[in-house]
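Respectively, the protein sequence lines represent chains U and G. Take the first sequence: its position 107, counting from 1, is numbered 107 in the numbering used here, and each next residue is one higher. Going from the second sequence to the numbering used here is simple: count from 1 and add 1000.
If you are wondering where the hints come from, they were derived from the structure by calculation, not from laboratory data. Be careful, since some hints might not be right.
[Said to hold, decoys possible] Label pairs and their computed distance ranges (CB to CB):
no. : chain 1 : residue 1 : chain 2 : residue 2 : range
1   : U       : F18       : G       : E1069     : 45 to 55 angstroms
2   : G       : G1063     : U       : P39       : 46 to 56 angstroms
3   : G       : E1017     : U       : T75       : 47 to 57 angstroms
4   : G       : M1054     : U       : G92       : 17 to 27 angstroms
5   : G       : M1054     : U       : E17       : 21 to 31 angstroms
6   : U       : R80       : G       : P1039     : 18 to 28 angstroms
7   : G       : G1016     : U       : E15       : 47 to 57 angstroms
8   : U       : E15       : G       : M1054     : 43 to 53 angstroms
9   : G       : E1069     : U       : E17       : 44 to 54 angstroms
10  : U       : P79       : G       : M1088     : 21 to 31 angstroms
11  : U       : E67       : G       : I1077     : 35 to 45 angstroms
12  : G       : G1016     : U       : K54       : 40 to 50 angstroms
Glycine residues also receive a C-beta, built at the ideal position from the N, C-alpha and C atoms.
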Amino acid sequence: KNEVEQSPQNLTAQEGEFITINCSYSVGISALHWLQQHPGGGIVSLFMLSSGKKKHGRLIATINIQEKHSSLHITASHPRDSAVYICAVRPGGNTPLVFGKGTRLSVIA
Amino acid sequence: DVKVTQSSRYLVKRTGEKVFLECVQDMDHENMFWYRQDPGLGLRLIYFSYDVKMKEKGDIPEGYSVSREKKERFSLILESASTNQTSMYLCASSLLGGQNEKLFFGSGTQLSVL
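Extracted from the complex, chain U is given alone in its bound form (with noise of 0.2 angstroms):
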């Protein structure tokens, strides 16, 4: 079974800080998803890759499949950054995603 462990648990930054939070996961994938969670809130998608870099916004995510790793970079971090960023992976084919715990992310003004 593939296990996905994302680093740190939580970060605190400063606003203006560039964030990385990052995912390992250990077996082979066809897709990576980052997901955002606001307190109290549903959970949205921010991006799938299945390789390269993707970038929107502020946000930019890459992955690196031969190293089994991804990454989801905050430029320029505000305050209502302020969430729980989770990384989820499918296995292969049409398989339910396997979830990290997710990175609490605190942005102070």
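Chain G: place on chain U using the hints.
Just chain G now, kept in the frame of chain U:
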């Protein structure tokens, strides 16, 4: 935008009660999922369905059942609620995989079993 609607935001039930959690999606998605989310444990898959009248067990199906009689509706049933089923329950839906694969979540039901 896709909407996934869960019937209740908060629910309080007593031990032994039968509990129904309803989930409806409005985008004709084939795939639907039920998760529970507990502090420190992340999201855990209870049951999923890839088509009407089809269901598959996830990682933690014990104490739960599901029903998918119509494509847009996926119900989670706690046959006899217990205190260890107190949790946040999240429903999600998606199209089959591909480059535009995306998972859509409902806003969750916080269930307390007393």
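Exercise. Against the earlier hints, flag every one the structure doesn't satisfy and list their numbers going up.
Key: Numbers 2, 5 - these are the hints that the structure violates, sorted from lowest upward.
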